[in-house]
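Undergrad: Chains as they are written, first to last, in the working numbering: chain A, 2 to 793; chain B, 6 to 267.
Because the hints were derived from the structure by calculation, they are not lab data.
Being a predicted model, the structure only gives us computed values, none of them experimental.
Just so you know, even glycine gets a beta-carbon here, dropped at the ideal spot from N, CA and C.
Fair warning: there could be bad hints in the mix.
[To be verified] List time: in silico BS3-like cross-link candidates among lysine-lysine, alpha-carbon distance up to 27 Å:
#: 1; chain 1: A; residue 1: Lys279; chain 2: A; residue 2: Lys353
#: 2; chain 1: B; residue 1: Lys141; chain 2: B; residue 2: Lys172
#: 3; chain 1: A; residue 1: Lys4; chain 2: A; residue 2: Lys526
#: 4; chain 1: A; residue 1: Lys448; chain 2: A; residue 2: Lys526
#: 5; chain 1: A; residue 1: Lys353; chain 2: A; residue 2: Lys392
#: 6; chain 1: A; residue 1: Lys58; chain 2: B; residue 2: Lys84
#: 7; chain 1: B; residue 1: Lys43; chain 2: A; residue 2: Lys126
#: 8; chain 1: B; residue 1: Lys22; chain 2: B; residue 2: Lys172
#: 9; chain 1: A; residue 1: Lys543; chain 2: A; residue 2: Lys569
#: 10; chain 1: A; residue 1: Lys248; chain 2: A; residue 2: Lys279
#: 11; chain 1: B; residue 1: Lys22; chain 2: A; residue 2: Lys454
#: 12; chain 1: A; residue 1: Lys659; chain 2: B; residue 2: Lys22
[Claimed, not checked] Which chain A residues stay away from chain B? Per the calculated CB distances, all over 10 Å, these:
#: 13; residue: Arg95
#: 14; residue: Ala638
#: 15; residue: Lys659
#: 16; residue: Leu709
#: 17; residue: Met714
#: 18; residue: Tyr716
#: 19; residue: Pro717
#: 20; residue: Met718
#: 21; residue: Thr776
#: 22; residue: Pro784
[To be verified] Anything over 10 Å on all C-beta distances counts as not near chain A; from chain B, calculated:
#: 23; residue: Asp19
#: 24; residue: Gly69
#: 25; residue: Lys141
#: 26; residue: Glu157
#: 27; residue: Val166
#: 28; residue: Pro181
#: 29; residue: Asp209
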Amino acid sequence: MPKDHGIGAPQKRREDIRFLTGRGVYTDDMALHGQTAAVFVRSTVAHGRIKAINTAKAAAMPGVLAIFTGEDFKDVGGNPAGWLINSRDGTPMREPKRPVLAHGKVRHVGDAYAVVVAETLSQAKDAAEQLAEDSVIEELPAIVDMKAAVADPSNRVHDEIPDNLCFDWGWIEDNRAAVDAAMKAAPHVVTLNLVNNRLVPNAMEPRASIGEYFPGTGDYKLTTTSQNPHLTRLLVAAFVLGIPENKLTVVAPDVGGGFGSKIYHYGEEALVLAAAKKLGRPVRWTAERSESFLTDAHGRDHVTKIELGCTKDGQILAIRTETLANVGAYLSNFSTATPTFLHGTLMAGPYKVPHVYVNVKTVFTNTAPVDAYRGAGRPEATFSLERVIDKMCRELGLDPFEVRRKNLLTPDQFPYTTPVGLVYDTGNYQATLDRAMAMADVAGFEKRAAESKSRGKLRGMGLSTWIEACGIAPSHLVGILGSRVGLYDAATVRVNATGNLSVMVGAHSHGQGHETVFAQIVADKLGIPETSVEIVHGDTSKIPFGMGSYGSRSLAVCGVAVTKAIDKIVAKGKKIAAHMLEASEGDITFEDGKFSVAGTDKAKTFGEIAFSAYVPHNYPLETLEPGLEETAFYDPANFTYPAGAYICEVEVDEGTGKVDVVAFHCADDFGNVMNPMVVEGQVHGGVGQGIGQALCEFTTYDENGQLLTGSYMDYPMPRAEDVPFYNVDYSCQTPCTHNPLGVKGCGEAGAIGSPPAVVNAVIDALHRGGHTHVTHIDMPVSPSRVWQAVNG
Amino acid sequence: MHNFDFAKPSTIADAAKALAADGAQALSGGQTLIPTMKQRLAAPATLVSLTGIAEMRGVCTGDGGLHIGAATPHAVVAKEARAHYPALANLAGGIGDPSVRSRGTIGGSIANNDPAACYPSAVLASGATVVTNKRKIAADDYFQGLFSTALEEGEFVTSVVFPIPQKAAYVKFNQPASRFALTGVFVAKFANGVRVGVTGAGNDGVFRWAEAERALSADFSAAALSGLSVDPSGMIADLHGSATYRANLVKVLTTRAVAAAG
Chain A
2 MPKDHGIGAP
12 QKRREDIRFL
22 TGRGVYTDDM
32 ALHGQTAAVF
42 VRSTVAHGRI
52 KAINTAKAAA
62 MPGVLAIFTG
72 EDFKDVGGNP
82 AGWLINSRDG
92 TPMREPKRPV
102 LAHGKVRHVG
112 DAYAVVVAET
122 LSQAKDAAEQ
132 LAEDSVIEEL
142 PAIVDMKAAV
152 ADPSNRVHDE
162 IPDNLCFDWG
172 WIEDNRAAVD
182 AAMKAAPHVV
192 TLNLVNNRLV
202 PNAMEPRASI
212 GEYFPGTGDY
222 KLTTTSQNPH
232 LTRLLVAAFV
242 LGIPENKLTV
252 VAPDVGGGFG
262 SKIYHYGEEA
272 LVLAAAKKLG
282 RPVRWTAERS
292 ESFLTDAHGR
302 DHVTKIELGC
312 TKDGQILAIR
322 TETLANVGAY
332 LSNFSTATPT
342 FLHGTLMAGP
352 YKVPHVYVNV
362 KTVFTNTAPV
372 DAYRGAGRPE
382 ATFSLERVID
392 KMCRELGLDP
402 FEVRRKNLLT
412 PDQFPYTTPV
422 GLVYDTGNYQ
432 ATLDRAMAMA
442 DVAGFEKRAA
452 ESKSRGKLRG
462 MGLSTWIEAC
472 GIAPSHLVGI
482 LGSRVGLYDA
492 ATVRVNATGN
502 LSVMVGAHSH
512 GQGHETVFAQ
522 IVADKLGIPE
532 TSVEIVHGDT
542 SKIPFGMGSY
552 GSRSLAVCGV
562 AVTKAIDKIV
572 AKGKKIAAHM
582 LEASEGDITF
592 EDGKFSVAGT
602 DKAKTFGEIA
612 FSAYVPHNYP
622 LETLEPGLEE
632 TAFYDPANFT
642 YPAGAYICEV
652 EVDEGTGKVD
662 VVAFHCADDF
672 GNVMNPMVVE
682 GQVHGGVGQG
692 IGQALCEFTT
702 YDENGQLLTG
712 SYMDYPMPRA
722 EDVPFYNVDY
732 SCQTPCTHNP
742 LGVKGCGEAG
752 AIGSPPAVVN
762 AVIDALHRGG
772 HTHVTHIDMP
782 VSPSRVWQAV
792 NG
Chain B
6 MHNFDFAKPS
16 TIADAAKALA
26 ADGAQALSGG
36 QTLIPTMKQR
46 LAAPATLVSL
56 TGIAEMRGVC
66 TGDGGLHIGA
76 ATPHAVVAKE
86 ARAHYPALAN
96 LAGGIGDPSV
106 RSRGTIGGSI
116 ANNDPAACYP
126 SAVLASGATV
136 VTNKRKIAAD
146 DYFQGLFSTA
156 LEEGEFVTSV
166 VFPIPQKAAY
176 VKFNQPASRF
186 ALTGVFVAKF
196 ANGVRVGVTG
206 AGNDGVFRWA
216 EAERALSADF
226 SAAALSGLSV
236 DPSGMIADLH
246 GSATYRANLV
256 KVLTTRAVAA
266 AG
């Protein structure tokens, strides 16, 4: 019987009732007295020099209250990169200023160089159209292709950066010679050139921001679609506008999905604050979908050459990669960490590989900024690795299951220090592989393939054994590696006088289900009903300084902070109970919501203790403060390392090239599971996005830097019909060894592990159909690409 | 969206009068026009809705076959044409998604003549007659290239009359993003021959594949098509498929449509 409450219970998400009945409150839902509308004037060319912005006509139009251009912000700070990366030669990365509004040059289609604030949205739009007409922008040749960007030093995205290179990173540079030697000595070397396709995040709710200024107090308030309100406050305060942190409140209310794209601070947020101050009225902006396509930070966009040295029987000896990673026109906040420390450090996978070297050159182009997107670097590493291993199996005629098994780390090898700088604490990769193979009925594949063939379809099976590092992250470690922030999290547990709780958390839920899961943990630990626990998040005036949600960190970092705060509550409760029960503190036990004197029937309920803390008539006031509220900050000792085995089966229609995913089996090890239903939902969503990347989604800029896939008419999002009924299992559990919940995180796993399983399955199907010349197809493995690969 | 005036006449004559005004634009289901206006790419002074005209709505049999009012939504055609012309009902039931099918109309679709729309293939393959407020136009004369039709200024479609074939089927291959037809083929077998309408593929919009029609008129079987090929030179090439790929799809889907027609 599954539990019906507390840790491990498959509780339905409490937040779904308001989301599914239209009672969520999102930024754009908020109507404010005296509000005004901002419309941004965005570049229609990818690269251009701003010659003139003639504001006179637009300023005189009906309802127009203010116009801002880059000139107004040229003396304030830029939006910084959050991670300093050094090149192989030790020089720091090139870090151009990212202004609130483009100044001097525009650097991608959609780059905002002016904004109109008016009484109504329609008036602001009319004036923005006029302002665009009255702006003179000299178009420059666009820099779109990464190889060309590096090769042509004369054409520069940023005038001060001669070769459009942000950095040339080697990981680990000291190992390079040994890796080269091992590769040279390897009996067989497999080489694969691949593209990890650029993706547009497409959160259901577009970005939106409202700025308010209160002249009576000098306070500012930013309501915004953020995964990370404290980071946004810090960036606006300390780097961009210089508003004192204590005078700025950032609220991220209900947020409709982020997938990474709402981690970052964007110029629109600074703009609405500055405009609100100037006008003394609220200023609001909500992106239209086309603005989201053009300006949300995109994901992936790697061009990689991976080489794998091995023995003839498939023992991996060395891995070497060279990657060009696109950062777009400006450095978004995590853009330098994503292709480096979230990517290169995973290149050993779950395997015992003695020699690994990763080289990443990060390139500026006249395209939207690129940053972390669900998985962030780890999907790119996993895809490269799992595809090259699959290619190795084909070249050497080896069984992909046996090759994985031969190379996987074994449970006795933990903790294991990889050659790329991580220490895996625990795992059992054989167990998840066995589980996935049983779920997928690998032995029955031939029979299914024959049945598919009878319907004219080619069936194939693909495997991916993946690992990731999440629960981001130990601050001391990321500090050494260049992070400019700490990555702890925080929680405050406030027990109210009547015994119910408000729990303020630093993590931000934008669809994950924190309100449910954190409440389950708190209720379980305190032996009280979940309905007595309110989870408060997303408002810097209420919550402790946390680092928000991304990198599958909410539970493994913030969830642990919650339990640490609960521990403090229980410890204080014991002191109060000892006084009330006239016993020594050491004799008090806490179980099922009761403080008891061990070995007696003397007890006080949690509610009685809470009441006593706030009505301290019978209370040890000489030694103990009244009240019952505790805060804990938790900084993890290590990353967590979820891992798993995914098996995908596809059918390929040779006539049209269409690929159907007909089965998808996930055997994941997330450590302990707090809410199985939420875990399944996260895996479904992640695998759905992974299938989207593998089969559907692509982002194309033409040679002039125009985004050709700028709407749903051309950007193929996966739909229900594109995904199968997922078969999800998380029964293989090796609890994380360094956090008290034993949890690892599950938010990104599906998006990390699934793309190579899909592509491997397609290649398998084509080989079974006799198309053995097809060794690789770049994602998305769309119908036309499959047909072209077979018939080309 | 810019401001506009709105008229909803209840007769064809009143609609014609309203449309004669400067800056007037006919509105049917609005599935193309409204998004275009929202993007400020179109700004008509007056929208004249055709959906309030009772005689332009509904499905019935009559002279010359199945009569479908131009303002009939796809969902209604999917339901009400099923007993008479199942292939046409299937086509209507596969357009867009439920909300598109509830609003979008056959008249709006063929007046717009999007090169990837489904209906033009059925109209052409059925040899249907397009009835307007002024005249009757044979399908072969009606479609005149991308977004281009025989409709004149002030003229609008009031109904479409479909002869009912002995056998027919529509097979569509979706464009992966928009789910319009990347290529769609409508095959209709009549007593006097077979007609094949192809949408989504041709540079000049919907077209008839004459060689396939000849082969299938002689022998209505998938095998009859095996020796044929489609010249890619007239095919659309875009992000979602090359001209060669589309040429392949025309043949593959025609073959499948013949098989589906039975």
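Undergrad: Each of the hints needs a verdict: does it hold here or not?
TA: Each hint, compared with the structure:
1. A/Lys279 x A/Lys353: Distance of about 60 Å is beyond 27 Å: violated.
2. B/Lys141 x B/Lys172: The given pair, whose Cα atoms are some 25 Å apart, holds under the 27 Å limit.
3. A/Lys4 x A/Lys526: Roughly 15 Å separates the two Cα atoms, so the pair holds.
4. A/Lys448 x A/Lys526: violated (50 Å)
5. A/Lys353 x A/Lys392: holds (18 Å)
6. A/Lys58 x B/Lys84: violated (54 Å)
7. B/Lys43 x A/Lys126: holds (12 Å)
8. B/Lys22 x B/Lys172: violated (41 Å)
9. A/Lys543 x A/Lys569: holds (20 Å)
10. A/Lys248 x A/Lys279: The given pair, whose Cα atoms are some 16 Å apart, holds under the 27 Å limit.
11. B/Lys22 x A/Lys454: violated (60 Å)
12. A/Lys659 x B/Lys22: violated (49 Å)
13. Arg95: holds (33 Å)
14. Ala638: Consistent with the label, A/Ala638 stays out of reach of chain B, its closest Cβ about 45 Å off (over 10 Å).
15. Lys659: violated (8 Å)
16. Leu709: Its Cβ does come within 10 Å of chain B, the nearest being 6 Å, so this is violated.
17. Met714: violated (5 Å)
18. Tyr716: violated (6 Å)
19. Pro717: violated (4 Å)
20. Met718: Per Cβ check, A/Met718 is inside 10 Å of chain B; nearest 7 Å; violated.
21. Thr776: Given that every Cβ of chain B is farther than 10 Å from that of A/Thr776, nearest at about 21 Å, it holds.
22. Pro784: violated (7 Å)
23. Asp19: holds (30 Å)
24. Gly69: B/Gly69 clear of chain A: closest Cβ-Cβ about 35 Å, beyond 10 Å.
25. Lys141: holds (34 Å)
26. Glu157: Non-interface label on B/Glu157 holds, nearest chain A Cβ at 29 Å vs cutoff 10 Å.
27. Val166: holds (32 Å)
28. Pro181: violated (4 Å)
29. Asp209: holds (21 Å)
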